[in-house]
Every structure is written in structure tokens, then in C-alpha cells.
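**Q** Got chain A sorted already, so can you dock chains B and C onto it with the hints?
Here the protein sequences line up with chains A, B and C, keeping their order. Per our numbering, the first sequence runs over residues 40 to 221. Per our numbering, the second sequence runs over residues 4 to 205. Per our numbering, the third sequence runs over residues 10 to 228.
It is worth saying that the hints were derived from the structure and are not from the lab. Each statement offered as a hint is correct.
Each pair of labels, with its calculated beta carbon distance range:
id, chain 1, residue 1, chain 2, residue 2, range
1, B, Ala40, C, Gln72, 53 to 63 Å
2, C, Asp94, B, Ala40, 46 to 56 Å
3, C, Thr191, B, Leu28, 22 to 32 Å
4, B, Glu18, C, Ala131, 34 to 44 Å
5, C, Pro134, B, Ser25, 52 to 62 Å
Mimicking DMTMM-like on lysine to aspartate or glutamate, the simulated pairs with C-alpha atoms at most 20 Å apart in a straight line are:
id, chain 1, residue 1, chain 2, residue 2
6, C, Lys71, B, Glu194
7, A, Lys125, A, Glu94
8, C, Lys211, B, Asp110
9, C, Lys71, B, Glu175
10, C, Lys71, B, Asp138
11, C, Lys211, B, Glu115
12, A, Lys203, A, Glu189
13, A, Lys203, B, Glu18
14, A, Lys125, A, Asp90
15, A, Lys203, B, Asp16
16, C, Lys211, A, Glu61
Quick reminder that beta carbons are idealized off the backbone N, C-alpha and C, glycines included.
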Amino acid sequence: MDVTGASSDAEVVARVLGGDREAFGLVVRRYEAGLLRFAARMLGSRDAAADAVAESFVRAYRHLASCREPTRLRTWLYRIVANRCKSHLARRPIADVSLDEAPPVADPSDTEVALERAEQLALVRRALVRLSPEKREAFLLKHVEGLSYEEMAAVTGERIPTLKMRVHRAREALLQVLEDHE
Amino acid sequence: MNAIDPRIHQVLDGELAPGALSTELRRSVERLVTAVALLAAPLPLPSLEPRVMALIRRPVPSRARRLLRWLATPRSVTFRVRPVWSLAFAAVVAMLTLVPIGHEGPDIGEHEGIAQFVGRFPGAQSVHVVGSFNDWRPGSIALEDVDQDGLWRATVVLPTGAYEYMFVVDGERWVPDHLAERLVSDEFGRENSIVIVRPARR
Amino acid sequence: MRLWLGLALLAGPLAAQSARARLEGRVPGAAVPALDSLVQQAVAEGLPTEPLIQKALEGGAKQVTAPRIVAAVQLSLGQLRAARDLLIRAGDEPPVTPGEVTTVAWALRRDLPAPVVERVVAALPRPPRASAMHAVADLAAHRFDPDSAADLIIAAIGRGLVRERLLDVSAAAAHELQRGHTHAEALALVRQALPNVPASPKPTRSAVARARRPAAPPP
Chain A
40 MDVTGASSDA EVVARVLGGD REAFGLVVRR YEAGLLRFAA RMLGSRDAAA
90 DAVAESFVRA YRHLASCREP TRLRTWLYRI VANRCKSHLA RRPIADVSLD
140 EAPPVADPSD TEVALERAEQ LALVRRALVR LSPEKREAFL LKHVEGLSYE
190 EMAAVTGERI PTLKMRVHRA REALLQVLED HE
Chain B
4 MNAIDPRIHQ VLDGELAPGA LSTELRRSVE RLVTAVALLA APLPLPSLEP
54 RVMALIRRPV PSRARRLLRW LATPRSVTFR VRPVWSLAFA AVVAMLTLVP
104 IGHEGPDIGE HEGIAQFVGR FPGAQSVHVV GSFNDWRPGS IALEDVDQDG
154 LWRATVVLPT GAYEYMFVVD GERWVPDHLA ERLVSDEFGR ENSIVIVRPA
204 RR
Chain C
10 MRLWLGLALL AGPLAAQSAR ARLEGRVPGA AVPALDSLVQ QAVAEGLPTE
60 PLIQKALEGG AKQVTAPRIV AAVQLSLGQL RAARDLLIRA GDEPPVTPGE
110 VTTVAWALRR DLPAPVVERV VAALPRPPRA SAMHAVADLA AHRFDPDSAA
160 DLIIAAIGRG LVRERLLDVS AAAAHELQRG HTHAEALALV RQALPNVPAS
210 PKPTRSAVAR ARRPAAPPP
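Extracted from the complex, chain A is given alone in its bound form (with noise of 0.2 Å):
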């Protein structure tokens, strides 16, 4: 399955500016995983993550030409989905927003090992939800997304300093919970 294709980013970009829309779809393949995993993180369900991405992706096609640096198209992606989830999330209130779905249910196959993963799951993602937006990006963006200090400041717009404070104190929250659950 053809899921990257073999043109670089700034290839991508070039030609769906010079003409061939279609090639946007490779753009959407190659990152829409990352992407929906961090919106739907951000926004703690599913539906609204895909909502969120797809008019994400709708919005980057359309603003494509002022994509300064297409070599940094990746960076560009999750700054636009980035604010798209905190615009949602500043219309509604953080209560608001459903816990994903379901919790997670264990399917009959399941080992234990799973069903104690599956409730973790359900554990670190409750206290996810607890930090305010801003500390969540700063956590997901770094250790979920991988992305460096540098690649997070131009995604938020924020300084390092500050971008690192949000991820210590991300960590401190989220282990308090995952400790005092033991």
C-alpha cells in the first residue's frame, strides 16, 4: 500500500500549487495518523478529532502558497490542527468534553495484561483531559508526537522556556494520578 509516496514534502507542495490538486491526497495519507492521535488526545473524542483534522487539512490546501518553509510542512499541519482543537475547546468547556467514547471494553479474547492496559488507558487519558489545553499540547506535542523544543515553538508560537515549564508540569499532574491510583 502506497501510503507515503516517494515525493518529498516540498515536492508535494509544489505541485499541488502548480496545479495538481490531486496530490494534496498524499499530503493527507502521510499524515493524517499523527494528526487525528493528537487531536483526539487534545479533544478527548474521536468524532470531533476527525471533524478537527479534516477541516484542518481543508484550511491548509486552501492557505497552501503561504506555507513559508513546505520542508516544514509537518510543523505547519499541527500548528493549524493545534489551533483549530484549542478554538474548539475555548467554545466548549473542558467538562464538556466526553472522556472518548466508551470506556474502553474489554473484548472476551482479552488477556488480563489487556484489560489492565485498557484501564490504564482510561486512567492517563482522564488525566490528560484534566490539564488545562495549553499544558496538553506542550505534553502530547513532546512525547506523543515526538516533536523537538524548537518544532513546538513554531507550532504554538510560544518560547522554548515556556514550552518546557508546560511539559514539567504536564509530568508532575500526570504522574500525581497515576501514582495515587496505585
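**A** Frame of chain A, contents of chains B and C only:
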């Protein structure tokens, strides 16, 4: 919220080896690493590609769209036509659809490919691409800004191979292609971009 | 045989003559004799002349002064000589082909270390090597260690990939970086996938329909 031992942060930031921690602190690090691994698992969601591409292909609502909607609304219209005219009309339609009129684009040879040049030059009056494919002759390949949005484009048939080039804006300003990933010193104090033209027929 | 010898002897002076004709009016007049002499030297040494002519035309188009054009062409001639020597060191039988000299000179200009270029030449005993060289240089431009970059491309050649398909290998590695992998991970992922790296898409029908040939140069 209690602050945690700063060494936990140092390990998570890659500034300190986990081995330097006590067993208890290492357990804290492991808890966080496990939590991250759980969050990082891919989500089983269907691809957004069909939805996004459908949205992109959909034209922006406009007057034309309203007109289209009006045209698409079913209305009853009565025609009284002689059969001979119907046949003549069908013959014309068949001619137009079955007989090719001209052809789209140039014939591309076995050792030729297509290069697309795109650049953002808002406010420019003219943009040309000049390089080793046209003997560095300014003016032979013009880019166009059809939408007047500052985005200049040209799609050119070139023999396959690698070429150095630059954009010339308003006939005097030499600018490298920022979308090109390959750059090489031009030995005159600037950098040329490199394009590799691959065979169009593969 | 005599005819071939005659033609071969004629080819050099003809190339030099046509070079002068191409440069007249395109570079400052003061530069033409020196440029002509450099082209003659290249002909005498069996080196390609086209890169020198292109460099001179480029300087003329960019309205660079005559001494700087001559200096740049001199530098190019030096690069071509270094490229020829490298090819012979790496095992090519002299006289080496002009196309390969141009390819190697380009690889060196793209900052590939000479030993890396030699390894790629030796791994591909039969030209053309242009795509392999550009693929390694592309990887190095993405800050892959040049030696590891050459390893990957040589491995791809070993798995049967040739010509432009090698550019797909470097593109695949660059793409893994863009997806957030480290350099080492990206190399390992692509190596594992060999020879099944995604092929660069063909030009779309709309691109072909839009494509134009460059306007012919004025007589």
C-alpha cells in the same frame, strides 16, 4: 500539584541517563514512559482522505453555484421537435464526442519529462525561469500568475537530466527557488537550485 | 579507420569553434579569449566542455564581470579534472566518458566527500551514475551522514534498483525524517523496505496538458 524530582525531567529530556536515578525515581520515569506509549498507540480511525478530497474538490459557493442549483432544480419544459432535427442534433453530438479535436498538451518524447516551477512573488510584474536547460537565456520560459494571487507557475517539457536554475523577477532580480530542495553554489556568490527531470513515460 | 581518426581529430576544434560562437554576445567581450582558451584546454584533455560553456553563459546572464566569469570557469575546469582523476582512481578505464565526469564534478560540488563518491562509482561499474550520485547528495543535504547515505544507495543498487528509482530511495528516507523519525531510524526503515520503496508519481494528465516547450532562442 507537587513538583517532582528535577532529575526525572532531566531523564525525560534526554539530559541524564536513567541509570543515574534511584530505583524509586526510575519507577516514576517508567510510569510516565508507559503512559506515553499508551497514548502513542495509533487510533483505529478510517482515513480522512475521501472526505478531505471531496471538500477540496467542491467549488466555493458563488453566484455560479446558485445558478447551477437553479439549473439543477427539476422544471417541466415542453419541446415540439420534428424527428429530422433530433437526428441532426444527435449526429452533431456524436461528431463532437467521437472525433478528437486537436490534442491536449505537447507530445512528450521518451527522453523528455515535465518540470513544474512555482514561486511566490506578490507584486511582481514578470517572473522567468532561467537555467542550464535554456542556456541561461533570460526570457525564454515565463511563469504566469493567472489568478493574480502572487503565485507564479510554469509547466515545461524538458529533456531528462539535471539542471541548475534561478528565477528572474521583473527582469533583474535573481532569486533561488525556495521550493527546491537541492541547492548548489553558483560560484558567483549565490546559490542555484537544481531540478532533476525524470522521464514522463515510465 | 582513417575516417574515424579524422572525425575524432576534427571533433575537438569543432567543439571549441561552436563554443566561441555560443559565447559571443552572451558574455563580456573581454572574457571571450580567456574562456576560449579554457575550453580549448578541456578539449585537449578530453574533458567535457558543456559545463564550462554553461558556467560562462550563466555568468553573462547574471551580468557578472569578465574576471569573475573567467575565475568561475577556471574553477569548473579544475573540478572536471578532479572528477576525471577520481573516476580513474575508482576503476574507470581512461578515457572516461564526458557524461560521467560531469556527474562526478556535480557530486563534488554538492559537497559529497571524494571517498564517498569513489565508493558509489566503484559500486556502479557501468554508467550512468547520475541518479545514484544525486540520490546520495540528496540524502547528505538532509543531513544524513554521507557514508551511511552511500551505504543505503549501494544497498538499493544491490537489490536491483537502477537509475531514477534510486531517487525514490533518497526521497523515501527524507520522507521518514519528515514523519518524525531520527536519521538512523529513517535509514533502517527504508533499507528494510528495499526494493519496495514507493515510486514517484507520473505527471498527471492535467500537468501534461498544461506543459509547454520553452520558446526557441532568437537566431
